[in-house]
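Novice: Protein sequences appear in the order of chains A and B.
Start counting the first sequence at 1; every next residue gets the next number (this note's numbering).
Start counting the second sequence at 1; every next residue gets the next number (this note's numbering).
In case anyone wonders, no lab produced these hints; they're calculated from the structure.
Honestly, I wouldn't trust all of these hints.
[Claimed, not checked] Straight line, CA to CA, 35 Å or less: simulated DSBU-like cross-link-like pairs of lysine-lysine:
hint, chain 1, residue 1, chain 2, residue 2
1, B, K123, A, K249
2, B, K175, A, K249
3, B, K37, B, K175
[As the list claims (entries may be wrong)] Restraint-style ranges between C-beta atoms, simulated for each label pair:
hint, chain 1, residue 1, chain 2, residue 2, range
4, A, R328, B, R24, 41 to 49 Å
5, B, H170, A, L291, 30 to 38 Å
6, A, D272, B, S138, 27 to 35 Å
7, B, R24, A, E155, 48 to 56 Å
8, A, L36, B, A75, 42 to 50 Å
9, B, D110, A, G6, 48 to 56 Å
All C-beta atoms, glycine included, are put in the ideal place defined by N, C-alpha and C.
There are 2 protein chains.
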Amino acid sequence: MTDPTGISDLRTPALLVDQARFERNLASMNEVLPGLKLRPHVKAFKSTAMAKRLEVDGHPAFCAATPREIEGLVAAGLTQDLLLANETLDTARLGALTDQANITVAIDSDETLAAAIEAGISKVLIDVEVGLPRCGCSLDNAGRLADRARAAGVEVRGVMGYEGHLMMVHDRAEKSAKVEESMATLLQAHEQVGGDIVSGGGTGTFDVNTWCTEIQAGSYTLMDTHYDELDLPFEKALSVLATVISVNKKGWIVADAGLKAFGMDHGNPAWDEGEVFFCSDEHTTLAPRELSAWSVGDRVRLWPAHVDPTAALHEQFWIVDGDSILDRWDIDLRGW
Amino acid sequence: MTDPTGISDLRTPALLVDQARFERNLASMNEVLPGLKLRPHVKAFKSTAMAKRLEVDGHPAFCAATPREIEGLVAAGLTQDLLLANETLDTARLGALTDQANITVAIDSDETLAAAIEAGISKVLIDVEVGLPRCGCSLDNAGRLADRARAAGVEVRGVMGYEGHLMMVHDRAEKSAKVEESMATLLQAHEQVGGDIVSGGGTGTFDVNTWCTEIQAGSYTLMDTHYDELDLPFEKALSVLATVISVNKKGWIVADAGLKAFGMDHGNPAWDEGEVFFCSDEHTTLAPRELSAWSVGDRVRLWPAHVDPTAALHEQFWIVDGDSILDRWDIDLRGW
Numbered sequence: 001m002t003d004p005t006g007i008s009d010l011r012t013p014a015l016l017v018d019q020a021r022f023e024r025n026l027a028s029m030n031e032v033l034p035g036l037k038l039r040p041h042v043k044a045f046k047s048t049a050m051a052k053r054l055e056v057d058g059h060p061a062f063c064a065a066t067p068r069e070i071e072g073l074v075a076a077g078l079t080q081d082l083l084l085a086n087e088t089l090d091t092a093r094l095g096a097l098t099d100q101a102n103i104t105v106a107i108d109s110d111e112t113l114a115a116a117i118e119a120g121i122s123k124v125l126i127d128v129e130v131g132l133p134r135c136g137c138s139l140d141n142a143g144r145l146a147d148r149a150r151a152a153g154v155e156v157r158g159v160m161g162y163e164g165h166l167m168m169v170h171d172r173a174e175k176s177a178k179v180e181e182s183m184a185t186l187l188q189a190h191e192q193v194g195g196d197i198v199s200g201g202g203t204g205t206f207d208v209n210t211w212c213t214e215i216q217a218g219s220y221t222l223m224d225t226h227y228d229e230l231d232l233p234f235e236k237a238l239s240v241l242a243t244v245i246s247v248n249k250k251g252w253i254v255a256d257a258g259l260k261a262f263g264m265d266h267g268n269p270a271w272d273e274g275e276v277f278f279c280s281d282e283h284t285t286l287a288p289r290e291l292s293a294w295s296v297g298d299r300v301r302l303w304p305a306h307v308d309p310t311a312a313l314h315e316q317f318w319i320v321d322g323d324s325i326l327d328r329w330d331i332d333l334r335g336w
Numbered sequence: 001m002t003d004p005t006g007i008s009d010l011r012t013p014a015l016l017v018d019q020a021r022f023e024r025n026l027a028s029m030n031e032v033l034p035g036l037k038l039r040p041h042v043k044a045f046k047s048t049a050m051a052k053r054l055e056v057d058g059h060p061a062f063c064a065a066t067p068r069e070i071e072g073l074v075a076a077g078l079t080q081d082l083l084l085a086n087e088t089l090d091t092a093r094l095g096a097l098t099d100q101a102n103i104t105v106a107i108d109s110d111e112t113l114a115a116a117i118e119a120g121i122s123k124v125l126i127d128v129e130v131g132l133p134r135c136g137c138s139l140d141n142a143g144r145l146a147d148r149a150r151a152a153g154v155e156v157r158g159v160m161g162y163e164g165h166l167m168m169v170h171d172r173a174e175k176s177a178k179v180e181e182s183m184a185t186l187l188q189a190h191e192q193v194g195g196d197i198v199s200g201g202g203t204g205t206f207d208v209n210t211w212c213t214e215i216q217a218g219s220y221t222l223m224d225t226h227y228d229e230l231d232l233p234f235e236k237a238l239s240v241l242a243t244v245i246s247v248n249k250k251g252w253i254v255a256d257a258g259l260k261a262f263g264m265d266h267g268n269p270a271w272d273e274g275e276v277f278f279c280s281d282e283h284t285t286l287a288p289r290e291l292s293a294w295s296v297g298d299r300v301r302l303w304p305a306h307v308d309p310t311a312a313l314h315e316q317f318w319i320v321d322g323d324s325i326l327d328r329w330d331i332d333l334r335g336w
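All chains, please: the whole structure from these sequences, using the hints.
Specialist: Structure below.
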C-alpha cells in the first residue's frame, strides 16, 4: 500500500481522528488545566505521537496504567515525569529505566512498596481508596506506608486517589458534592503522607475536582459516545471508518468493522445516519434511514462507545481533515 | 525476560490454553467432523500455530474473516484450500497470492464479484442470506450471480450461508428444526448455483447442521463462558492469567487484567473462586468467597465470555499443563 492521502485509500476498519475537533478538545482542556495541572493519562490513546502533541501544549508529565506504557514513553523520550498510576509487582522493567527517566509508581500495600524498593524505584505516590472498589489503601494505612517508604530511602511525592465511580454522575451539583466527599478522604491521607502531589480525577470530573493538584485525564482528547452523554466541553473526535460490503433490500447494510474494532464494554458504536442493529466479529449491521442511498463500496463512520479499549485494538490513528489524511500516529503502547 | 517455564514466570495479563482440554476439544470435534467435513475458522483464535495443529489432525482447509487472516495463513504455508468466508472489496492483496495458494472468496453482489474478478481471484462461493441479518444475497439472486461469475471465467465452487442467529438456541430439537429451515434456503440456492461445496455452520450447530458439506467452526477449540451455556462436548480451555495487585479488607481483591484483556461484548469474564464485580481498563475487581485466602502477588485465572475478541487482544497463547508452560503460540493474524 502506498502512503494514503485520502480516506478512500485506507484499508478498513481504520481509526480516524478529526484534527479540528481534537485540537479544540486540547484547547478546552488547556483553558481549565494548563501545564502541570493536567497529567494526561496515556491509557486512553496509547500513542506516544499523541503524547508528544500534548507535551507541545505544555503538559510534559504523564501517567500510565501499565509498565509497558511507561516503557514506551521512555523509549519515545518523554521522560520528564512519568507516573505509573497503578499497582504492579512487575517492577524490574521500570527499575531498569530509572537512570533514563523520572519514574514514580503508585503503591497501596507493603507488597507493592517492597516490589518498588527491590527494583530500585526511588519515588512513589501513596494510592488511597476514595470510594471506587478497586486499588488504593485505606485512610488509616496511608501514613504508615509513607513512613515505611521514607525509612527505606524512597521519596514519597504525595497521594493519589481515583474517584472513578463518580465520572458518570450527570448532575453537576451532585457530582461536585460527591467528589468533595471523596477528595476529603484523599486530603486527610495527604495530611498524613505529605509531599507536593495530590493526584486524581479524570475527564468526567476534570473541572469539578478542584482539590487535586493535578488531574489524570485522557479520554477528553478523543471522547466517545459514553462520555458525550455528559455536558463536557469536548467533542467526539474519534471514529471508525468502515466499508459497506453488503446491502440487503430488507432494510440493512453491513459495514466491515465489528466487535474486534470497537471497545464493546459500553455497548455498540453509534451511527449518525441510522441505527446500529448489532456487531459481529468483523461486521456491524446498520439500518440506514434511507436505504436507497447506500451502495456496496460506500464508507461509513461509526462512533465508538468507549475510547480507551477501541484505541487499544488498532495499529494507528489516521489524523484527518474531512476526507484528507494529514498524519498517521502509531498506537505504540498496546499490549503488556 | 528469559523464556518462561512456568506460569509464575509470565507477565500478566497472559492468555493460557489448557493443553489437555484443548486436545480433548479437537478429538471431540474429529469424531463428528473428520477431515474436510470441518473447515476450521481461524477468526476464533487468529494463530497459524494453532491452525497447523488442526492441519495435523486432518483439517487442511481453513476459512477466515479478513484478508489479513488469509495473508497470514499463506505466509505460514497453509495454502491448500483457503476460504475468505466474508465479503470484501479489498481483493488486490488476495489476488496477489493466487499463485501461491488456493484461495476462494465469498461474494454476494455484483460489486463483490467484480472486485474478485478485477483482482484475478478465480474461485468464489455464492454467499446466501439464510436468516441472519448480515451478508449474503437473496435466494432469487444466487443463480444469477453464479452465472455471471462463470461467464467471466470464475469457478463457482458452491454456496455458503451462515445461520449465526441460531448458534445460541438451547433446545436441541428446536435448534435442529430451525437450522433445517435455514439450510433449506441454502440448499435451494445450491440447486441453482451448483458446485461441490455447501458451507455453513459453527460451533453452536456443528453436529445439528447435517445439510452442509463442511462446517465453519473455530470457537470449539478454546470455548468461552457464552458457548459453555450450551450442552456441547467441548470444555473451556482458554483463561486469562492475572496477578492480584491489591487486597481490600472490605471484601474485594483486584487483578491486573481488565477490559482491554477480554472481549467484553458478551459481558464480564467469570471466576471459579468468587464473583466478578466489574472490569476497568486494566483491572478486574473480584469478590472472593474466602477473602482471607488471598494475598497480593497471588495469581487468578479468569474465563473469557467470548473467545474470538479475547484472542485478538493478546500477542500469544501460552500452552500449559497446570502451571507448566509447554509452548508459546503467536497470535499472528491480528489486525486488518
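Novice: Taking the hints in turn, state whether each one holds.
Specialist: Hints, one by one, checked against the model:
The suggested pairing of K123(B) with K249(A) holds, with an alpha-carbon distance near 26 Å, which does not exceed 35 Å. Taking the CA atoms of K175(B) and K249(A), the gap is about 27 Å. The hint holds against a cut of 35 Å. Between K37(B) and K175(B) the CA atoms are separated by roughly 20 Å; this keeps the pair inside 35 Å, and the hint holds. Separated by about 45 Å at the C-beta atoms, R328(A) and R24(B) satisfy the suggested range of 41 to 49 Å.
With their beta carbons about 34 Å apart, H170(B) and L291(A) fall inside the hinted range of 30 to 38 Å. At about 28 Å, the beta-carbon gap between D272(A) and S138(B) stays in the expected band of 27 to 35 Å. A beta carbon spacing of about 54 Å between R24(B) and E155(A) agrees with the range 48 to 56 Å that was offered as a hint. L36(A) and A75(B) have their C-beta atoms about 47 Å apart, which keeps the hinted 42 to 50 Å range intact.
Under the hint 48 to 56 Å, the C-beta atoms of D110(B) and G6(A), about 25 Å apart, miss the expected range.
Hint violations for this structure: number 9 only, all remaining hints satisfied.
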